[in-house]
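In this note's numbering, the protein residues as written are 1 to 312.
Honestly, the hints are just simulated from the structure, not real lab data.
Any given hint might turn out to be false.
Claimed, not checked - Derived CB-CB ranges, DEER-like: (1) ASP179 to ALA83: 38 to 48 Å; (2) ARG69 to GLY210: 15 to 25 Å; (3) GLY210 to SER23: 44 to 54 Å; (4) LYS3 to ALA70: 36 to 46 Å; (5) SER155 to ASN236: 49 to 59 Å; (6) VAL78 to SER25: 11 to 21 Å.
Claimed, not checked - Straight-line distance between alpha carbons at most 30 Å, and here's what the computed DSS-like set of lysine-lysine pairs gives: (7) LYS19 to LYS47; (8) LYS206 to LYS296; (9) LYS230 to LYS291; (10) LYS128 to LYS230; (11) LYS291 to LYS87; (12) LYS230 to LYS296; (13) LYS3 to LYS171; (14) LYS87 to LYS47; (15) LYS206 to LYS128; (16) LYS230 to LYS204; (17) LYS47 to LYS128; (18) LYS230 to LYS47; (19) LYS204 to LYS291; (20) LYS230 to LYS3; (21) LYS206 to LYS101; (22) LYS3 to LYS19; (23) LYS204 to LYS296; (24) LYS230 to LYS289; (25) LYS171 to LYS206; (26) LYS101 to LYS47; (27) LYS87 to LYS295; (28) LYS289 to LYS204; (29) LYS87 to LYS128; (30) LYS101 to LYS128; (31) LYS171 to LYS204; (32) LYS291 to LYS206; (33) LYS101 to LYS87; (34) LYS296 to LYS87; (35) LYS171 to LYS296; (36) LYS230 to LYS206; (37) LYS289 to LYS87; (38) LYS128 to LYS289; (39) LYS204 to LYS128; (40) LYS47 to LYS3.
The beta-carbon is built from N, C-alpha and C at its ideal position, and this holds for glycine as well.
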Amino acid sequence: MTKIAHWLIPCLRQVQVLKQTNSLSHALLVTGADGVGQEQLAREIVKDLMCEGGQAAACGQCHSCELMRADTHPDFRVLDGEASTIKVDQVRLLVRQINQKPQIGQNKVVLITHAQAMNINAANAVLKALEEPAPRTYFVLTSSQSTSLLPTIRSRCLLVSVPTPTVDDVKQWLLQFPDHQELSSLFWLTIQPFRLLSIQQQGKAKLYAGLPEQLNAMLQGTTAVSDVLKGLDSNNIGDYCNGLAAILHQCICHSTGAPLDGALHAIYSTLITRLNIQSLMLRYQALQKLKADLKKTNLNPIIQLTHELNQW
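Start from the sequences, fold in the hints, and give me the full structure.
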């Protein structure tokens with residue numbers, strides 16, 4: 001189990017103080033850039049709220065804390081919008097459940113992660129619950145796109161803003177993981193720590209790590225396009241597009257004076273020799289369009305991305 005990231009601790013302490021002084025709002029909105037740790041912070045806040053003790057932080061020893069550790073607490077409900085849209089029926093079911101008396105302890109807590117995934121009907125159902133909160137019930141929402149939420153939802157929540165960590169912060173945090181060197185080598189893709197961790201947990205770190213070298217070999221004629229796209233299917237086409245787009249984006253930025261990650265030095269030299277900046281931008285736009293099109297249609301991903309790479 002990982003320790004809470006150190007850049008999240010000041011936010012957690014602020015909420016704990018409000019809890020201890022009985023000044024905490026019944027609804028909290030934890031926001032920040034995608035991947036900086038909103039979900040980890042929110043879950044730490046939930047643990048504190050579910051604890052049966054009166055102290056600021058969860059004791060870790062009461063019955064509620066034991067149930068939270070086992071992920072079996074009956075008064076804690078979660079809706080996760082990371083993978084799909086949160087729909088109104090899900091919210092209505094959840095609201096019916098939390099309107100009942102707590103089965104254990106004192107509080108009931110609803111955690112809605114990636115709350116921007118709520119459709120308008122689901123958002124209105126949540127708004128109604130926030131306007132007429134059940135006793136001893138807390139809502140904790142997380143979002144990386146808080147401005148897309150209903151203004152009336154935002155206005156009823158205590159805003160908890162998660163800071164974006166520095167590169168040095170992320171490097172230090174990654175040291176606790178066995179594959180920290182591989183993850184640090186992906187800073188050209190993202191420096192958001194929890195996105196890096198998600199990539200590693202999904203087994204996709206090697207896919208991204210080898211992409212710059214494979215792409216460079218393809219452009220130099222020593223590797224076929226089919227070798228670069230080996231293992232591509234409808235489930236990971238988005239990862240390939242994200243990786244290729246990140247390479248182009250970093251190269252475009254470097255052409256205007258921004259620093260370039262060492263992993264991209266070779267591919268930058270090759271790309272800038274073959275394509276001018278305008279062409280790089282066109283290829284970047286084409287990748288974004290391809291990614292969107294593949295979600296809406298039944299296009300063959302291998303054929304489509306092979307065609308795209310042949311334009312390079």
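**Request:** Verify the proposed pairing of LYS47 with LYS3, using a straight-line Cα cut of 30 Å.
**Result:** Judged against 30 Å, a Cα distance of about 14 Å means the pair holds.
**Request:** Compare the distance between the alpha carbons of LYS230 and LYS3 with 30 Å, and conclude whether the hinted pair is satisfied.
**Result:** Violated, because 36 Å separates the two Cα atoms, which is more than 30 Å.
**Asked** Is the straight-line distance between the alpha-carbon of LYS291 and that of LYS87 30 Å or less?
**Response** Within the cut-off at roughly 24 Å; holds.
**Asked** Would you say the C-beta atoms of GLY210 and SER23 sit inside 44 to 54 Å of each other?
**Response** The hint (44 to 54 Å, Cβ to Cβ) holds, given that GLY210 and SER23 are roughly 51 Å apart.
**Request:** With a cut-off of 30 Å on the C-alpha distance, tell me whether LYS47 and LYS128 pass.
**Result:** holds (25 Å)
**Item:** Satisfaction of hint between LYS204 and LYS171, Cα-Cα up to 30 Å
**Value:** holds (19 Å)
**Request:** Using the Cβ atoms, figure out if SER155 sits within 49 to 59 Å of ASN236.
**Result:** Violated, since SER155 and ASN236 (Cβ atoms, about 40 Å apart) do not stay within the stated range.
**Asked** Given the proposed pairing of LYS87 with LYS128, does the C-alpha separation stay at or below 30 Å?
**Response** With Cα atoms ~15 Å apart, LYS87 and LYS128 stay inside 30 Å; holds.
**Message:** For LYS204 and LYS291, compute the direct alpha-carbon distance and say whether it is at most 30 Å.
**Reply:** holds (18 Å)
**30 Å Cα cutoff - pair LYS289, LYS87** = Holds - the C-alpha atoms of LYS87 and LYS289 are around 27 Å apart, at most 30 Å.
**Request:** Given the hint that LYS101 pairs with LYS47, test it: the Cα-Cα distance must not exceed 30 Å.
**Result:** holds (19 Å)
**Item:** Assessment of proposed distance window 36 to 46 Å (beta carbons of LYS3, ALA70)
**Value:** Given range 36 to 46 Å: violated, Cβ gap about 20 Å.
In terms of the numbered hints stated before, the structure departs from hints 1, 2, 4, 5, 10, 15, 18, 20, 21, 35, 38, 39, listed from lowest to highest.
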